[in-house]
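Colleague: Residues per chain are reported as follows:
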Amino acid sequence: MPIPRKPDQSVVTTCAYCGVGCGFKAEMFDGRVVRMIPWKEGKANHGHSCVKGRFAFDYYRHPDRVTAPMVRASIDQPWREVTWDEAFTHAASELKRIQAQYGRGSVGAVSSSRCTNEEIFLMQKFARVALRNNNIDNCSRICHSPTQFGLSATLGAGAASQHFDSILQADVILVVGANPTEGHPVFGSMMKRRIRQGAKLIVLDPRRTETVESPHCRADVHLALKPGTNVAVLNSVAHVVVREKLYDEAFIRSRCHWKEFEQWMAFVGDHRYSPEVVGPEAGLAPEDIRCAARLYASGPRSTIYYGLGVTEHSQGSTGVMCLGNLALACGMIGREGVGVNPLRGQGNVQGGSCLGSWPHMFSGYRFVTDDSVRASFEQDWGLALDPEPGLRITNMFDAALAGTFKAIYIQGEDPVQSDPNQNHIMAAMRNMECVIVQDLFLTETAKFAHIFLPGSSSLEKNGTFTNAERRVSMVRKLTAPLAGLEDWEITVGMINAMGYPLRYDDASQVLDEVARLSPAYQGMSFALIDRVGSVQWPCGPDAPEGTEVLHIKAFPRGKANFMLTGYVPTQERTDDRYPLLLTTGRILSQYNVGTQTRRTGNVAWYDEDVLEIHALDALARGIGEGDWASIASRYGSTRLRAKLSERVSPGVIYTTFHFAQSKVNAITSDLSDWATNCPEYKVTAVEVTKLQTSVRSEAGNPVAEEEQA
Amino acid sequence: MWSELRALREDVDYGTPPRDGEPVTLMVDGEPVTVAAGSSVMFAAAAAGRSVPKLCATDMLEAFGSCRVCLVEIEGRKGFPAACTTPVEAGMAVCTVSPRLSELRAGVMELYLSDFPSEDIAGGWSELHDVIAATGVASSPYGPGENHLADPIDQSNPYFLFDPAKCIVCSRCVRACEEVQGTFALTIAGRGFDSKVVASQGESFLDSECVSCGACVQACPTQSLVEKSLFEGGYRRADSPQA
Amino acid sequence: MTQPIIEVERLVAMANQIGDFFAPYPPVQREEGVRNHLRNYWDPRMREALLAHLEATNGAGLLPHVLGAAGMLREATRERTAYAGPPKSDTPGMSPRGE
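Residue numbers (the working numbering), protein chains in the order written: chain A, 1 to 709; chain B, 1 to 243; chain C, 1 to 99.
Calculated from the structure, these hints are not laboratory results.
All of these numbers come straight from a predicted model, not from anything done at the bench.
Note that CB positions come from ideal geometry on N, CA and C, so glycine has one too.
Hints may contain errors.
[To be verified] Some chain A residues near chain B, calculated using beta-carbon distances under 10 Å: (1) V33; (2) H62; (3) P185; (4) S189; (5) N423.
Take these sequences, add in the hints, and give me the full structure.
Modeller: Next up, the structure:
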């Protein structure tokens with residue numbers, strides 16, 4: 001009978017996929033989650049959702065879920081199931097052995113942006129109290145670490161200045177290196193609503209994405225710049241602003257250092273950054289650059305939203321500083337409808353940044369080298385802490401290759417699939433003696449693991465997530481963890497096994513500890529969030545229910561700063577051998593490395609990564625629609641099916657990284673941002689050639705094979 | 001658009017979006033209520049705790065006025081205006097319940113139920129069923145005639161299906177796809193009795209521009225668009241053979 | 001000499017990249033900027049390896065101001081609070097911080 005069964009229980013929780021962090025009501029019958037419906041009171045999503053959070057949750061019940069801890073002596077041997085106690089004891093003894101043999105700094109940990117704030121906090125605590133070093137990093141390293149650096153340097157705070165609703169009051173929206181309609185769909189919809197109401201849109205993106213053009217919503221200016229030229233183009237925009245005197249002098253005089261502004265003005269005002277010079281270099285018409293600058297400066301309320309197209313470059317941090325400089329120059333900070341906002345990719349990557357999962361910072365964005373900050377942690381945790389910065393994940397792999405880094409505890413991350421220059425990473429992993437992976441499924445990284453700790457999905461634990469708006473929301477446990485322990489309980493088990501006694505009755509006590517030790521989270525607690533629904537940090541005595549818009553009266557350092565952002569072209573250059581530029585990104589239905597979404601119905605829309613190539617480039621290489629192509633860079637090669645596309649310009653090709661078999665990261669370089677080592681995923685020089693193939697199906701996945709010559 | 005999103009509540013559907021504006025006071029069933037200027041009478045009635053039955057209205061979407069269920073009586077005005085499309089005015093006196101209104105609403109429901117699978121009336125829990133209960137109409141008095149009960153079900157999307165037999169062409173799905181999501185994948189093709197919901201150019205949902213955000217499923221008052229996961233053993237019409 | 005934690009070539013490349021960013025700044029701030037960055041963001045073993053390279057080869061491959069910064073690093077005492085803003089300096093013409 002077509003009367004649907006009515007769920008008997010409904011619990012409000014937060015989506016674990018992207019950085020919008022939609023509020024959902026999880027509806028269950030018989031303790032099983034049957035549907036997720038958007039929560040109207042979710043302040044990030046207001047009752048809307050996207051295909052992933054709304055429907056693609058069944059991965060938590062997928063047969064591939066690992067349900068017991070496993071160990072093996074070497075990666076060539078089969079896994080052996082053990083109890084939790086055995087796993088913890090074995091892990092601790094290995095880590096201690098390795099530290100004794102190779103030094104305290106030869107081991108490290110990586111926390112997950114798909115885990116809760118409490119879990120991330122415990123991972124950095126693990127590194128600091130159990131490993132006694134600062135070798136702790138987070139995946140925001142490979143996406144938004146330049147945001148942290150660049151916005152801190154200019155504005156004083158490395159997080160979004162506005163809440164999402166602020167866009168409803170914007171007059172001009174500048175989107176740089178982001179594709180909200182696919183990467184942050186619910187926010188993208190809100191942006192489109194505002195544009196249909198009359199707001200203007202400027203997009204900087206090499207591709208003609210749906211953000212640039214979709215029904216009833218078209219960018220007024222689309223700067224389809226050549227990948228790698230962000231800083232030049234943004235400086236050029238700033239050039240127009242200063243030369244045509246479009247800057248907000250009153251704002252600068254009161255909120256910034258005028259002399260610093262003058263220095264910056266002279267710098268970007270230089271002929272080198274004029275649109276007539278930069279335009280041809282970046283593949284743009286000079287008039288378009290002028291148009292964009294005038295539109296942005298005129299506002300009256302102009303807001304910036306940007307993504308990994310800014311940060312994942314060798315000048316990522318510099319690019320972010322350009323955005324900060326631009327907003328300051330035009331007075332677009334400190335009220336509704338303006339601001340500079342990173343679109344953080346993962347559900348809790350903002351949390352990863354806030355909770356001190358950094359080799360150089362504690363929670364609350366404070367340096368480990370700061371004696372007074374460190375003292376507060378030492379006092380609370382009862383032991384001396386390493387006063388020096390530790391290794392970033394990129395450097396952990398470098399050190400592993402050099403033979404000085406031997407063990408790693410990775411929670412909920414898959415660096416072998418998601419980090420660049422895959423061959424380099426795999427060689428590094430092989431050099432390690434103890435790799436501990438905590439995850440839901442056996443990932444690419446787990447292939448190199450010696451100990452596997454089965455984790456819990458966001459449906460199986462209590463905790464909080466912090467979304468891209470600094471909004472902390474509840475994650476509520478809907479069902480018992482499949483393998484018996486919530487992720488935070490696993491880390492507590494590891495800390496205890498290493499000899500530091502630690503106990504929490506429940507996750508709320510972890511958030512209480514965070515509140516004690518981080519000024520921005522001072523007022524946070526499960527009780528508060530339960531009461532008001534969600535809270536944006538900073539939350540404390542001055543803002544007991546959180547803060548929607550930052551920098552209204554003052555910047556964290558009092559005034560803001562202008563940074564000199566010289567354009568340094570990336571070392572990754574095209575030449576005769578590698579004449580095309582590859583840029584990568586994501587699509588709506590698949591999420592990140594696909595660990596979850598590949599195991600849901602979402603494969604109906606997208607079941608393999610494809611290569612988008614312009615017809616002219618394809619024609620020159622004899623490649624037709626659907627043909628298999630080999631893509632090679634200086635670092636490696638792989639093969640993908642080609643799709644002719646108008647969305648890329650000639651000379652630029654595009655693909656996604658959702659499927660392990662595509663090995664897209666075998667091609668990406670190991671170049672990275674100067675300040676944070678955020679990998680330069682967005683610019684790789686490649687060549688594409690047609691593969692003479694016979695396609696053979698292998699376990700359901702078509703694989704291209706080269707014919708015998 | 002500020003209040004339209006931020007003042008939404010989970011436990012009450014006001015019928016039309018909340019507004020920002022100067023306060024306006026009016027009377028609903030003899031009790032005063034104050035709402036922002038620009039709000040609809042339906043909104044005011046809901047705010048006063050005197051919700052009017054509705055089908056094509058929901059507070060996440062702008063008013064449409066197609067279902068004719070939310071009729072009310074307004075003192076000094078002729079006829080029976082739809083509460084959703086009538087803006088409030090200071091001093092207005094609205095009556096949401098009367099014998100004549102009950103008759104009219106019942107008449108509308110009988111028409112809807114004449115083209116709705118009769119075996120799906122009892123036991124249901126959709127918004128349509130709430131209105132069935134509120135109007136006290138449990139069946140249609142009309143004899144058999146042309147209907148949409150055998151129209152093909154679209155199960156192409158992995159997560160939800162569309163059964164036109166239950167569709168009342170209220171257009172909430174079309175409007176959700178436009179206003180909330182912004183993809184504009186759905187439309188109403190045809191006119192009058194032939195009106196039907198189609199995706200893109202009459203394609204299946206999966207092949208169309210639909211991005212499967214679920215806004216239409218969320219908006220549908222009759223569960224004509226509904227999650228497949230709510231049906232154990234799959235979806236089958238009562239009269240169709242076993243799958 | 002202990003084994004460098006990371007290949008020296010990579011450290012030199014990273015240091016030069018930092019140097020490239022500070023190139024537009026006036027000379028003193030350039031060196032200070034690089035030094036502050038290395039101090040706050042690099043694992044001490046990475047700094048040691050760089051300094052060892054400085055000793056062994058007179059800093060072969062390093063940009064001049066990066067060389068200078070590495071020298072300053074060698075002499076620097078531990079700062080009380082770490083600083084992430086623009087290079088601090090009392091160069092005439094630059095306004096003091098914390099205004």
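Colleague: For every hint, state whether the structure bears it out.
Modeller: Structure-based check of each hint:
For V33 of chain A, the interface hint holds, the least distance from its beta-carbon to any beta-carbon of chain B being 9 Å, beneath 10 Å. Annotation: H62 of chain A was flagged as interfacial toward chain B, and the flag is violated, the nearest CB pair being 14 Å apart, outside 10 Å. A cut of 10 Å between beta carbons decides the hint on P185 of chain A: the least distance to chain B is about 7 Å, and the hint holds. At its closest, the beta carbon of S189 of chain A sits 5 Å from a beta carbon of chain B; the interface hint therefore holds under the 10 Å criterion.
For the restraint placing N423 of chain A at the interface with chain B, the shortest Cβ-Cβ distance is roughly 36 Å, beyond the 10 Å limit, so the hint is violated.
Violated hints, in rising order: 2, 5; the structure is consistent with all others.
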